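Novice: One line per chain: the protein sequences are A and B, in this order.
Each step along the first sequence adds one to the number in the working numbering, with nothing skipped, and position 132 is 132.
Each step along the second sequence adds one to the number in the working numbering, with nothing skipped, and position 158 is 158.
Calculated directly from the structure, the hints in this document are not laboratory data.
Don't take each hint at face value.
A pair holds if it fits inside one copy or across any two, identical chains being indistinguishable in the list.
[Stated by the list, open to error] Under the rule of at most 27 Å between Cα atoms (straight-line distance), these lysine-lysine pairs were calculated in the DSSO-like manner: (1) Lys116 x Lys21; (2) Lys193 x Lys116; (3) Lys166 x Lys143; (4) Lys298 x Lys250.
Here the structure is a predicted model, which is why all the values come from computation and not from measurement.
2 protein chains.
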Amino acid sequence: MGKLLAVGTVAYDAIETPFGKTDKILGGSGTFVGLAASQFGVQTGVVSVVGGDFSQSYLDMMEGKGIDTTGIEIVKDGKTFFWSGKYHNDMNSRDTLITELNVLETFNPVVPESFKDAEVVMLGNLHPLTQASVLDQMNERPKLVVLDTMNFWMDIALNDLHEVLKRIDVITINDEEARQLSGEYSLVNAAKKIHEMGPKYVVIKKGEHGALLFNDDNMFYAPALPLAEVFDPTGAGDTFAGGFCGYLAKTENYSFENMKNAIIYGSNLASFCVEKFGTQRMEALTKDEVQTRLQLFKQLTQFDIELQ
Amino acid sequence: MGKLLAVGTVAYDAIETPFGKTDKILGGSGTFVGLAASQFGVQTGVVSVVGGDFSQSYLDMMEGKGIDTTGIEIVKDGKTFFWSGKYHNDMNSRDTLITELNVLETFNPVVPESFKDAEVVMLGNLHPLTQASVLDQMNERPKLVVLDTMNFWMDIALNDLHEVLKRIDVITINDEEARQLSGEYSLVNAAKKIHEMGPKYVVIKKGEHGALLFNDDNMFYAPALPLAEVFDPTGAGDTFAGGFCGYLAKTENYSFENMKNAIIYGSNLASFCVEKFGTQRMEALTKDEVQTRLQLFKQLTQFDIELQ
Chain A
1 MGKLLAVGTV
11 AYDAIETPFG
21 KTDKILGGSG
31 TFVGLAASQF
41 GVQTGVVSVV
51 GGDFSQSYLD
61 MMEGKGIDTT
71 GIEIVKDGKT
81 FFWSGKYHND
91 MNSRDTLITE
101 LNVLETFNPV
111 VPESFKDAEV
121 VMLGNLHPLT
131 QASVLDQMNE
141 RPKLVVLDTM
151 NFWMDIALND
161 LHEVLKRIDV
171 ITINDEEARQ
181 LSGEYSLVNA
191 AKKIHEMGPK
201 YVVIKKGEHG
211 ALLFNDDNMF
221 YAPALPLAEV
231 FDPTGAGDTF
241 AGGFCGYLAK
251 TENYSFENMK
261 NAIIYGSNLA
271 SFCVEKFGTQ
281 RMEALTKDEV
291 QTRLQLFKQL
301 TQFDIELQ
Chain B
1 MGKLLAVGTV
11 AYDAIETPFG
21 KTDKILGGSG
31 TFVGLAASQF
41 GVQTGVVSVV
51 GGDFSQSYLD
61 MMEGKGIDTT
71 GIEIVKDGKT
81 FFWSGKYHND
91 MNSRDTLITE
101 LNVLETFNPV
111 VPESFKDAEV
121 VMLGNLHPLT
131 QASVLDQMNE
141 RPKLVVLDTM
151 NFWMDIALND
161 LHEVLKRIDV
171 ITINDEEARQ
181 LSGEYSLVNA
191 AKKIHEMGPK
201 YVVIKKGEHG
211 ALLFNDDNMF
221 YAPALPLAEV
231 FDPTGAGDTF
241 AGGFCGYLAK
251 TENYSFENMK
261 NAIIYGSNLA
271 SFCVEKFGTQ
281 RMEALTKDEV
291 QTRLQLFKQL
301 TQFDIELQ
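Modelling step: build the complete structure from the supplied sequences, incorporating the hints.
Specialist: Here it is, written out as structure tokens:
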């Protein structure tokens, strides 16, 4: 069983959906990645920063899940990163109402000594230079480096992004971002171009339309589980990434075939994440529930045609 | 091996895509369904109507593929149904430039004697009363009735549509149409509502995002094959339906499990259809190519996770 280091945000979110709204609740990419990975019992360390206003009970909850919070710096006189958003009726689009970077503005991630030998590193959606600085701190080249990014960094730090892309194995990105990064409309061609930038594996997230994994001429597709109700999509993408990384860290098998399983686990966990506000569902999730839903994914996708 | 009766249009299409444009070429839902079903060697009869301007060589081509054209009425002094459309750069949306119904306006399908005992009936996208009149002509209730429809009929003939829905087994419909017919945004809930209207099986086509099959609480999902280039999407939905019906007619097994295979074959054949203009690719398609691509579909979707 390998160690997983996840660098990302630990945040307060205020969310409005057609089903209701919340005050400030726990959010952040590092949080969702950590909670997803905790399903696999891997030793997971989250590197992030919060302000003095951050509730100790959240850190306690994470520690209770086996997440190492040593790397979450607490800036006593600072305020925690805050994001507020409102989802439209179709749940596929949202408006950001408020973004207060706060302590995130001067975030310099420090990797705890005990995680400098992590086999798997998940670089959450941060400035490419910040992502690179995490890799610089590792004792040796991790077995697998996964990077998440977004159009914002392509707009303001494309060169830095290209530099860090040369140092990673897997990029997770959504379809629109893949098109922007590559300049190609077809996702097959987009993945080819992105391969050439460095990552041997390209994961393209299509939200309710599932996710594609590309590795040269190999492709794999995992659907999102069709749900009667999507309550709150916040954190689904990070939960997907956390499930992906957690499963790979647990199995220490970084082959394309095993990445298929990791993608399915990512999609599996993400399907829970959206069932309640914020981290609620992920905090309560049990291994049995995940295994039962894995059966659903098999029924949803597996078939048995004889070749003729 | 069962017989398949397919009622639909046989048409002239003029198509413009970012890759080029065509003069009047062979098109129509009945044509694409017939060509797809011909891959399975089932006895397929197409019921349709064309004008005196329709080229005998197209009918000869169909007969050469084993498609029975007895049911294609030729109105000597009429003109063949003509559709012209232009696809946008993303290939997911198109503008209809010209629709000339011509002989289709007074189309009264007559089922040939030799197909009144067909096990599988595919009712192409026509007026619901026209679809019902085909069922009225069958010797007995077919083993499987599949119906395609569109928002146009929901707008102008909703009551007639509801009547014919009570008499069918499978509806194929796209996601927007499923939402319109059911008044539900979630496709899971939409399928539930549509079940209550009659069809035990609901196939929701999502274009490049694949297709979902619902039967009560059972779900199956088939992706579209990610392609580097989509040359011309015309006929892909009908080819999908033809593959679905053709496989079921061939195997005469109408279980949910076997419908999974049928959906995969539909998606498989549709992935070829879009590679060239009009019917070109489907006319040239070989069994070996289909089997090779079936392997691709397996690699794309099949995984092997041990339950824990």
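Novice: Work down the list of hints and note, for each, if the structure agrees.
Specialist: Now the hints, each set against the structure:
no.	hint	in the structure
1	Lys116 x Lys21	neither (39 Å within a copy, 58 Å between copies)
2	Lys193 x Lys116	neither (31 Å within a copy, 54 Å between copies)
3	Lys166 x Lys143	within (15 Å within a copy, 58 Å between copies)
4	Lys298 x Lys250	both (21 Å within a copy, 26 Å between copies)
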